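> We have chain Z; now place chains D, V and Y onto it with these hints.
Chains as they are written, first to last, in this note's numbering: chain Z, 4 to 118; chain D, 4 to 118; chain V, 4 to 118; chain Y, 4 to 118.
Treat the hints as calculated values from the structure; they're not laboratory data. This structure is a prediction, so every number in the text was calculated from the model and none was measured. There may be inaccurate statements among the hints.
[Said to hold, decoys possible] SDA-like cross-link-like pairs, simulated, lysine to any residue; straight-line CA separation at most 25 Å:
(1) V:Lys95 x Y:Leu5
(2) Y:Lys102 x V:Ala22
(3) V:Lys48 x D:Asp51
[Claimed, not checked] So these bits of chain D aren't anywhere near chain Y, every CB distance computed over 12 Å:
(4) Gly85
(5) Trp115
(6) Arg117
Cβ coordinates follow ideal geometry from the N, Cα and C atoms, glycine included.
There are 4 protein chains.
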Amino acid sequence: MLGIDDFAVIRFRDERDWAQFHTPKDLALGLGIEAGELAELFLWKKEDEIRAALQDSDFRQRLGEEMADVLVFLLYLAEAAGIDLGAAVESKMVVNAEKYPVEKARGSAEKWDRL
Amino acid sequence: MLGIDDFAVIRFRDERDWAQFHTPKDLALGLGIEAGELAELFLWKKEDEIRAALQDSDFRQRLGEEMADVLVFLLYLAEAAGIDLGAAVESKMVVNAEKYPVEKARGSAEKWDRL
Amino acid sequence: MLGIDDFAVIRFRDERDWAQFHTPKDLALGLGIEAGELAELFLWKKEDEIRAALQDSDFRQRLGEEMADVLVFLLYLAEAAGIDLGAAVESKMVVNAEKYPVEKARGSAEKWDRL
Amino acid sequence: MLGIDDFAVIRFRDERDWAQFHTPKDLALGLGIEAGELAELFLWKKEDEIRAALQDSDFRQRLGEEMADVLVFLLYLAEAAGIDLGAAVESKMVVNAEKYPVEKARGSAEKWDRL
Numbered sequence: 004m005l006g007i008d009d010f011a012v013i014r015f016r017d018e019r020d021w022a023q024f025h026t027p028k029d030l031a032l033g034l035g036i037e038a039g040e041l042a043e044l045f046l047w048k049k050e051d052e053i054r055a056a057l058q059d060s061d062f063r064q065r066l067g068e069e070m071a072d073v074l075v076f077l078l079y080l081a082e083a084a085g086i087d088l089g090a091a092v093e094s095k096m097v098v099n100a101e102k103y104p105v106e107k108a109r110g111s112a113e114k115w116d117r118l
Numbered sequence: 004m005l006g007i008d009d010f011a012v013i014r015f016r017d018e019r020d021w022a023q024f025h026t027p028k029d030l031a032l033g034l035g036i037e038a039g040e041l042a043e044l045f046l047w048k049k050e051d052e053i054r055a056a057l058q059d060s061d062f063r064q065r066l067g068e069e070m071a072d073v074l075v076f077l078l079y080l081a082e083a084a085g086i087d088l089g090a091a092v093e094s095k096m097v098v099n100a101e102k103y104p105v106e107k108a109r110g111s112a113e114k115w116d117r118l
Numbered sequence: 004m005l006g007i008d009d010f011a012v013i014r015f016r017d018e019r020d021w022a023q024f025h026t027p028k029d030l031a032l033g034l035g036i037e038a039g040e041l042a043e044l045f046l047w048k049k050e051d052e053i054r055a056a057l058q059d060s061d062f063r064q065r066l067g068e069e070m071a072d073v074l075v076f077l078l079y080l081a082e083a084a085g086i087d088l089g090a091a092v093e094s095k096m097v098v099n100a101e102k103y104p105v106e107k108a109r110g111s112a113e114k115w116d117r118l
Numbered sequence: 004m005l006g007i008d009d010f011a012v013i014r015f016r017d018e019r020d021w022a023q024f025h026t027p028k029d030l031a032l033g034l035g036i037e038a039g040e041l042a043e044l045f046l047w048k049k050e051d052e053i054r055a056a057l058q059d060s061d062f063r064q065r066l067g068e069e070m071a072d073v074l075v076f077l078l079y080l081a082e083a084a085g086i087d088l089g090a091a092v093e094s095k096m097v098v099n100a101e102k103y104p105v106e107k108a109r110g111s112a113e114k115w116d117r118l
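The following block holds chain Z by itself, in its conformation from the complex (with noise of 0.2 Å):
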């Protein structure tokens, strides 16, 4: 189980009073920003780069940041929307054993609709 601080983070954003600018539309824009910030640590890198960089604790550093910062957005948003996460991915785990089923699904790449 994994167990993350959510409380931390909304008491940081509260501290701020930066729930005034956290609607729903600027959180998904965040989120998109977060995720490509984070992309660009694998940018241009062959498949072996990006194993040697996963041995670099500086890299390794900088992904644990860029993933948290994912996170956080979703943890903002999460609030802000009032969703559940922990309960949205156990349902949604629920959803995808359906769309992918282990004898269909093993071993393949193929998205749902093409199984």
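Relative to chain Z, chains D, V and Y alone:
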């Protein structure tokens, strides 16, 4: 404390033998794709339309699913790269607290390098 | 008719011997990164703040640069994949005209499958 | 010289009275969504699978459509913000030439601030 059943997500992946496709670069690409699908729920909607949509259970269901998709890709990437997401968020909040001191950042939407 | 000097962009690439890095997947990843950087110019800004920013020559300069970055990646991808962008737009407008007939789409922000 | 019929794109928009929805923020959001849809064509595919897909006319058709969607959003944004895209690319190439001098950037995938 938010609890995410990351074991269930990785088990789901492994039952389908999908780890072979999960290079960090593809997962980063997928994260951007999922962020885009989430964003589509808000596209063209005015603030009051978004507020109304958030009262609608179908819309909330879809939003929860798209947010879960983003989080699932983040969990896949955390597993592929060996990153502890809970620790990454904690550590990033410390960095953010330095970048955005309360007295400077309070009520401001400026980026840290313009505060 | 908008004229884009795509030859200059490809010459720029070739003078730096960059085609070796330009796999379609990396270019797609880069496109998302650049779209994120462009989006950052609008993040947290209310509509009237954006309107004001668009009167500011520094902001316009930065916006133009980010839009150019997106377009340059699109040109790189067109070259790598052998796609004629001008023809692709023309052809897509025909498809769009069928998906969004004037009488149904007029004044509506709905997606074609919900019109 | 690449010619893009931007007038046809704007006429298409105006026949449907869509300018009212086209705030710069929504167009930036839409650009990210379209970049995500384009990226989906390459997700999970190995380099040789992408090379094979690029020989397939259906795949090329879909790729052209997704690239056109990105470009159309860029044209909408250029119109909404009053940016001359052709001039923006020309001007950005001058900036890029300074950031990436041939002698330093040749054969390197490093970002300008690490060259």
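> Honestly, which of those hints from before does the structure not fit?
When the structure is compared with the hints, none of them turns out to be violated.
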